[in-house]
Amino acid sequence: MANLFWKTKHSTKSLLSTPFKSEEEFEKIIFETPEILEDIFLLKRQIRGGNKSGIPDIVGIDNDGNICIVEMKNVIVDAAIIPQVLQYAFWAETNPDSVKSLWLECLNKPDDLSISWDNFSVRIIVIAPKILPSTLDIVDKINYQVDLIEVNRWVEGDNQLLLVKRLEPEEKKSKTKPVTGLQTYDEHFYKQLYNNESVKHFLGYVKEVEEIIKNKNWQLETKFNKHYCSFKAGFFIAFGVKWIGSKTFAFFFKLSEPEAKKAGIEMTRYESQWKEAVYYIDPKKTKTNDFLKLFEMAYTKITGES
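In case it helps, our numbering puts the sequence shown at residues 1155 to 1460.
Calculated directly from the structure, the hints in this document are not laboratory data.
Because the structure is a prediction, the values reported are computed rather than measured.
Watch out, some of these pointers could steer you wrong.
Said to hold, decoys possible - Simulated DEER-style distance windows between Cβ atoms:
(1) Ser1165 - Gln1346: 52 to 58 angstroms
(2) Lys1368 - Lys1161: 28 to 34 angstroms
(3) Asn1157 - Ser1255: 27 to 33 angstroms
(4) Glu1310 - Glu1364: 38 to 44 angstroms
Claimed, not checked - Capping the alpha-carbon separation at 25 angstroms, the derived lysine-lysine pairs in BS3-like fashion look like this:
(5) Lys1254 - Lys1319
(6) Lys1263 - Lys1441
(7) Lys1439 - Lys1345
(8) Lys1295 - Lys1377
(9) Lys1345 - Lys1263
(10) Lys1227 - Lys1284
(11) Lys1380 - Lys1416
(12) Lys1401 - Lys1438
(13) Lys1455 - Lys1441
(14) Lys1439 - Lys1368
(15) Lys1441 - Lys1380
(16) Lys1415 - Lys1380
(17) Lys1386 - Lys1370
(18) Lys1354 - Lys1175
(19) Lys1370 - Lys1401
(20) Lys1167 - Lys1354
(21) Lys1354 - Lys1227
(22) Lys1182 - Lys1227
(23) Lys1439 - Lys1415
(24) Lys1361 - Lys1345
(25) Lys1284 - Lys1295
(26) Lys1415 - Lys1438
(27) Lys1319 - Lys1415
(28) Lys1455 - Lys1416
(29) Lys1401 - Lys1361
(30) Lys1354 - Lys1441
(31) Lys1284 - Lys1263
(32) Lys1161 - Lys1182
(33) Lys1361 - Lys1319
(34) Lys1439 - Lys1401
(35) Lys1370 - Lys1439
Built from N, CA and C at the ideal position, the CB exists for glycine as well.
Sequences and hints are given; from them, build the entire structure.
Here it is in structure tokens:
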């Protein structure tokens, strides 16, 4: 059993590695910590009915309108999990009306989420305390987006520390066959969905944000998605640029509403479901550097750096 030492300026505390007692407790912790799945709106837990097989326990929808199959195991997971979650993915693809019914039943669903029920993609998320690296070899060979996430817990009194790690494939020296079927979100893709002139401005603002990140020497990754471009520190999003409509787009910052208001910049709206402050962009007027304080605040919040 491992110990985690939490050293502060005035003391050192030993935190005991504390496995989750049951799968039910594991699920409860994940659901009570929405930051772990910050871009996914969870529709329902334990939707399986009767003795039906091939139906997932947890279904969600992410910011891009993808149907998300969330599979949680409180055991060590290996490649044997993949055939199981593929069954769930097939269920979602062949039962869009069932997923849509879950969506319509939700009372607190996000108003800004756009879902194409006739043409959606499926995303698979596997969460467990330990996932064997060999699982990645199988993931690389299937045409679904798959997130493998390890979550472990340390406890000190009433406080819990959760270590969240996303498994990423190691860069291989030998040339491997590229996976086909996964979408590339680039200028050509965006022009199929959005106004062509707006796409140019959208990508221009993304480049300006990247320039700020470079000048500040921030360790952030640029990640393009169907409806937005985010800038991430490891697992979590700090801020980004998102599409609102076919012509309209906006900056968003992962800050609480009171935090965002402290910047003194007029906010378009606050989206509580995604915990982000939104500021519409007018290409004729909006200057990226005018939002520098918000960029700094959002970066500091998730990294602790200034």
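*Looking at the structure, which of the earlier hints fail to hold?*
Going through the list in order, the structure violates hints 3, 5, 6, 9, 11, 16, 18, 19, 20, 21, 27, 31, 32, 33 and respects the others.
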